[in-house]
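Here are the chains, one letter per residue:
There are 2 protein chains.
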Amino acid sequence: MNHEDFFKIKDDWNLQIESLDEEQLVHYGSNLLCGNGYLGYRGTLEEWGKEQYQACVITDTYDMADGKWRELSNSPNALTTEVMVAGENIGDFPGQNKMTTELDFNYKYGVFKRISESKNNNIEIFSERFASYDNLHLIANNYQLKNIENDEVELKLGINGDIWDLNGTHLENFRGEYNSNKNILYLKAETGESKITLVTALSFRFKKGKIKNVKVENEKKSIYLLINVEAESDKIDLDRNMIVYSSNDVDAPLKAALIDADEALELGYQKLKEKNQTIWDKKWELMDIKIKGNILDQLAVRFNLYHNIIAAPAHSDRLPIGARGLSCQAYQGSAFWDQEIFNLPMFLYTETETAKNILKYRYHTLNGARKKAKDLGYDGAFYAWISGKSGKELCPSFFFKDVISGRKIRNHFNDWQIHVSPDISYTIWKYYLATKDIDFVVDYGSEILFEVARFLHSRVHYNQYKDKYEIIRLLGPDEYHENVDNNAFTNYQTQFALKKALYFYYKMENEYPEKLLDLKNKIDLTESEVTAWQQISEKIYLPQPDENRLIEQFDGYFDLEDTNAEVLKERLIDKEEYWGWPNGVAVFTQVIKQADVIQLFTLHDIFSEDVLAANYDYYEPRTQHGSSLSPSQYAVIAARLGRAEEAYDYFKKSAFIDLMSTNKAVSGGTFIGGVHTAAAGGIWQLIINGFAGMKIDRKGLSFKPVLCQEWEEIEFKLNYQAKKFNVTLDQNMFKLKAAAGNDEALEFSIFEKEYTVDAAEEIKIEL
Amino acid sequence: MNHEDFFKIKDDWNLQIESLDEEQLVHYGSNLLCGNGYLGYRGTLEEWGKEQYQACVITDTYDMADGKWRELSNSPNALTTEVMVAGENIGDFPGQNKMTTELDFNYKYGVFKRISESKNNNIEIFSERFASYDNLHLIANNYQLKNIENDEVELKLGINGDIWDLNGTHLENFRGEYNSNKNILYLKAETGESKITLVTALSFRFKKGKIKNVKVENEKKSIYLLINVEAESDKIDLDRNMIVYSSNDVDAPLKAALIDADEALELGYQKLKEKNQTIWDKKWELMDIKIKGNILDQLAVRFNLYHNIIAAPAHSDRLPIGARGLSCQAYQGSAFWDQEIFNLPMFLYTETETAKNILKYRYHTLNGARKKAKDLGYDGAFYAWISGKSGKELCPSFFFKDVISGRKIRNHFNDWQIHVSPDISYTIWKYYLATKDIDFVVDYGSEILFEVARFLHSRVHYNQYKDKYEIIRLLGPDEYHENVDNNAFTNYQTQFALKKALYFYYKMENEYPEKLLDLKNKIDLTESEVTAWQQISEKIYLPQPDENRLIEQFDGYFDLEDTNAEVLKERLIDKEEYWGWPNGVAVFTQVIKQADVIQLFTLHDIFSEDVLAANYDYYEPRTQHGSSLSPSQYAVIAARLGRAEEAYDYFKKSAFIDLMSTNKAVSGGTFIGGVHTAAAGGIWQLIINGFAGMKIDRKGLSFKPVLCQEWEEIEFKLNYQAKKFNVTLDQNMFKLKAAAGNDEALEFSIFEKEYTVDAAEEIKIEL
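So the protein sequences, as listed, match chains A and B.
So the numbering used here is basically just the index in the first sequence, starting at one, shifted up by 6.
So the numbering used here is basically just the index in the second sequence, starting at one, shifted up by 6.
The following block holds chain A by itself, in its conformation from the complex (with noise of 0.2 Å):
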């Protein structure tokens, strides 16, 4: 696959869709996503409704709408447009062939444009939008008409509330009204279940172009205006404003979202660009990747840190990354595993607020996680498979379905993939490690890994016969296989949580003794607990490698048929059929979805590099990569083993999973589109902890640096324990230079070798 077949590239910044193609239309809706980490505008024009997938997804606004499924509401769509001029619908409607578009997606400032041409007649059609950072309720939109000979055009402007869902109509209870003093209308609604108000306010000026007659439309679900407006110079230009709030917000949604829409108005289009520009700029200065050599990789980078920072909801503690961000309701808005172990690595090193902020997340929602360990006949923190606001378990038991006989399967997404608790227990260890923020371990993580120590405690079960804690019936990382035991992902993981709950529970015991009381007192929580920690953490069965290296990814799993994922192809007798649990073709062969061991080895770097090898080459090719979130884990792994190129060649397939469209939409009749941003997470781990080899543990912070042939140098920042620094790394040399304010020494090691670098000072190691 070529990318021209997909995009154009302009410069390292800016991607361009020279022609619309018809079948890409949902995967434009999500590349060119607008978003800010409040809300998510899809990449669409203005002229389109639900039928070509336009949404724009609002966080903190979970509404169950079908019995089943609580997801994300999409707001009204208050950029919705339909021009008339002499009577002709004026746009690009899929299948009319009556205008060609051209669109234009700038990454540095999330600024979606849009050109369309006539084919009939010379009529041109110019929008520009961003998603403000500067105020996170704000889409700002300067919408232009050219060449319009004839006098007067006829606009249709409003807020549809006639909105794409996924899973049943959250909105209902509509009503709108109009200011005409101030240009301002708003349309408030309200989620059929979980009663939160939605407000979306739309404030506009015509800059060029006068208004001749306003007429307002009422519908049932939407508020229009119908605006004939003389052109100016044969053009209209017009500056607009759509504004969302939601009870959740705040208190008066309806009152702040009027206020936003009348200051937008009189900021205008060109002073809010810049506030949000700055901001970009200061972001990109923390999470920039430079690579050069290779303007197409440089620019497939930078897509995934945007996504990867949009989909963030930096601006709260309260709320999750989504796996799809928010660019569609697929996948709930909510945390999977991702958040922790793909989303959240890049925020640790840089961002480091916004790391903070969502593990706070998971502090806020561990009633929710004590709530499904309870469910379940367990203590402590069991953490939701599928996360929203308020952290309950959102995975039904039966979501997919067996497609030959059309009968729903119990999938054991929510009750055996336990490795989320000792995940988030496993990231709060890396920030803390990153950050050396000891006051948040103290008054929010350590709760968290003592209750996740809890529920291990609870979930392990001593084999007396062999002196061993066990982990019976799993799901590990790899879908395809449930009901094992002994997974050595999460084996280890739950090692580790246990050994961090320790660790700070003894440290706290010594430095903060009162602190510690209050939290005992808080959760009732027994020295006979924390021994009992100590003895699982000593005795907990972990796969050790083999006499061929291996690492078994669970018991028995060696035993299964030795296949790959071409022949299990040809056994399908549906090609929509589920590979995994309980029946499908997968289920009893060697086959698996995703990095398992090779995730583990991501995580903890204690294994040999001969073992590291031994099982790349052994599972890599039974790997299906059949999630996005497995390429980017190869990756790393292959270049902790001096494999660059192969390292390159997964680069390759995780980078481009959303841009060149390579996954499914729809499968089996769900929606699963939007964009992977666990990928586009993984992108920066491929690049940092893969490429630069950087790591971090108690040992400090190392870099073990290889560099793939394809480009010729990658330059990224870093920010370890409040120390700044650049790192730069070509073919030849490694270059870390510390930022001129830091107060410490920065100490580090790369290839095992100590060094210390002073503020400003620079280092260049010939690799």
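Worth double-checking, as some hints may not be accurate.
Where chains are identical, the list cannot tell them apart; a pair therefore holds if satisfied intra-copy or between any two copies.
Derived EDC-like pairs: lysine to aspartate or glutamate, alpha-carbon spacing no greater than 16 Å straight-line [as the list claims (entries may be wrong)]:
1) K521 - E238
2) K241 - D323
3) K380 - E29
4) K218 - D655
5) K472 - D385
6) K701 - E760
7) K214 - D27
8) K741 - E753
9) K380 - D561
Derived from the structure by calculation, the hints contain no laboratory data.
Here the structure is a predicted model, which means the values were calculated and not measured.
For this one, chain A is given, so just place chain B on it according to the hints.
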């Protein structure tokens, strides 16, 4: 259903089929089986072949022909007969409607009789046969043709090796020979995989009819004689003997077969018949149950007792009781848990030597059970779910088929249904209580008990959090729910098995210290293992009656959808669908296949009557009785609750399973026909443990009699610790008479009141 749709009753030992129903042929074959624990010759006509399910199953001839199922071989048929009179093939062939046939079976002596009359002329065929208990290798047959008005008949006799096999052809390398001096012919063959030599011999003598000419026809798999016979007084009367020997029986099976064939011919049919009858008379003296007031039920009871007797290889201590006995090859002629829990109880209190032999079979198969445990990562003896001669697991991992997709299903009968091991320990304890045969326990039983305890030790998991041992991932008696935890039946049985292992360990330590030492050395048993058994038996989790007095069948059972079998039937997509694992209609519901908690109650009388009642009332409407094992167990508990009429209803369901062919012979393309021997054994329990309320435990022998209105009186004999006695129960009176020959007084209780009866003394209790 009326029994007359299936058969007529001649008297309380004899059943008649007045005219053949072609759809019932497969059931006649099983129900009218001649057998003796060594072989089973199906109730078919002499002119029938494999299309009519003619077969003679031979014990101890395991062979695998299809790479999947190891099963018993069928012998070539030495009673095959073709009659030509005036160019016409005389016989009752399905679909031809040339003759009417009456079948008669005598269950007292296992005698099959057929009389067929031609519809076109006066020719009659009469034939009678039995499998001898005097010589287990012999089937004796008297065959007559009457009203032969033509002078000469052409008879094709011989041995037909082209036989019915369920799972592949077992016999090959056929060699046949005819000794014309002795009128003996034989066919020798070999099993393909196991290389067992099987010899089938035939000796014959015409008592009426003159041989005019004999021509030998040697076919690839058969040997025939074409005999021209001249009728005498319009009659041909032929005695013949079919003899079968395998190389597993004797070193020289051919020689043995020829000797027996010759001897049988010497003795003649009448003498052979008398010898067989003498042995049966002795058996019935021990095992008959007499029922007054309902001749149909009396016959049905005897039908079941007969089949339980002929299914048991009483002659050997190295062979299993097949789940279908020797009535066909289905279920591999192998032992399931049915053997100990359903077939054995009758022998435990009557023919105790047979009980001992069957238990010794489990001793001789310890290595198979050890291998299975080891292969699955456990220690000790994990008995095979399907246990043949060696005790190795014969249950394949994949045998059911998803009839909708056609894809095979991994059922976990072989690895998760662990209760078979403690079930054997349970029965060893019962054998000990019934016989006080400590020598058996010391020499054989203890090794089984210890190895089972060892297995259970390696199978349980300690839940430190709950301070309980748990058993995770089980399949209990109710086979519709796989992968469950803490199945009440299995957990209670496990505790019981551990306690009895400990009991005999300490008993041997005190009374047989050297034998214990030898055994400990032999199996490397350590003190710490014994300590562990103690710990586990004290702390194993045993589900207790809840606030509604209900015992949960397994963890989470009560959370499943509460519905019934009728509703589920509506949900079937294909009526051949398996209801259970992994995605059948019963899996996520409370509908169970068979008695499970109720099965626990039949084995352990440790719960109060109100707990029994609550659970009976709860589980009964949720039980599909999809297994023939189920109704008898519900009956026992119904009787224990004094609900004699409900018990009687279950008697009807259970006793007539085969007689009225209520179970399908073929399911999902798999032949599962044949006699339900466990149900046969269950009938004994239903009457003795149910209506008579007999029970033995460490407190001794006791009765809680109650009789259903449909019966005037039941009478049976028992043998308890070498003290024989006779019990008579009617609506008003319970009478127990000790045998004249008893050495000691018999102690027992009735309704918890204690009694002692000396030899020949009788006690009468008004009810």
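Checked hints:
Neither within a single protomer nor between protomers do K521 and E238 lie at most 16 Å apart by alpha-carbon distance, with minima of 69 Å and 112 Å respectively. Taking identical chains as interchangeable, the C-alpha atoms of K241 and D323 are never at most 16 Å apart, the minima being 45 Å within one chain and 103 Å between chains. In this assembly of identical chains, K380 and E29 lie within 16 Å of each other by CA distance neither inside one copy nor across copies; the values are 46 Å within and 56 Å between. Taking the shortest alpha-carbon separations for K218 and D655, neither the intra-copy value of 59 Å nor the inter-copy value of 90 Å comes in at or below 16 Å.
Taking identical chains as interchangeable, the C-alpha atoms of K472 and D385 lie at most 16 Å apart only when they sit on different chains, with a minimum of 10 Å there against 25 Å within one chain. When the C-alpha separation of K701 and E760 is checked against a cutoff of 16 Å, the pair qualifies only within one copy, where the shortest distance is 14 Å, while the shortest distance between copies is 80 Å. Neither within a single protomer nor between protomers do K214 and D27 lie at most 16 Å apart by alpha-carbon distance, with minima of 32 Å and 96 Å respectively. Taking the shortest Cα distances, K741 and E753 sit within 16 Å of each other inside one copy (14 Å), while across copies they are farther apart (96 Å).
In this homomeric assembly, K380 and D561 come within 16 Å of each other (Cα to Cα) only across copies, at 14 Å, whereas the closest approach inside a single copy is 27 Å.
Hints 1, 2, 3, 4, 7 from the list above are not met by this structure, while the remaining hints are.
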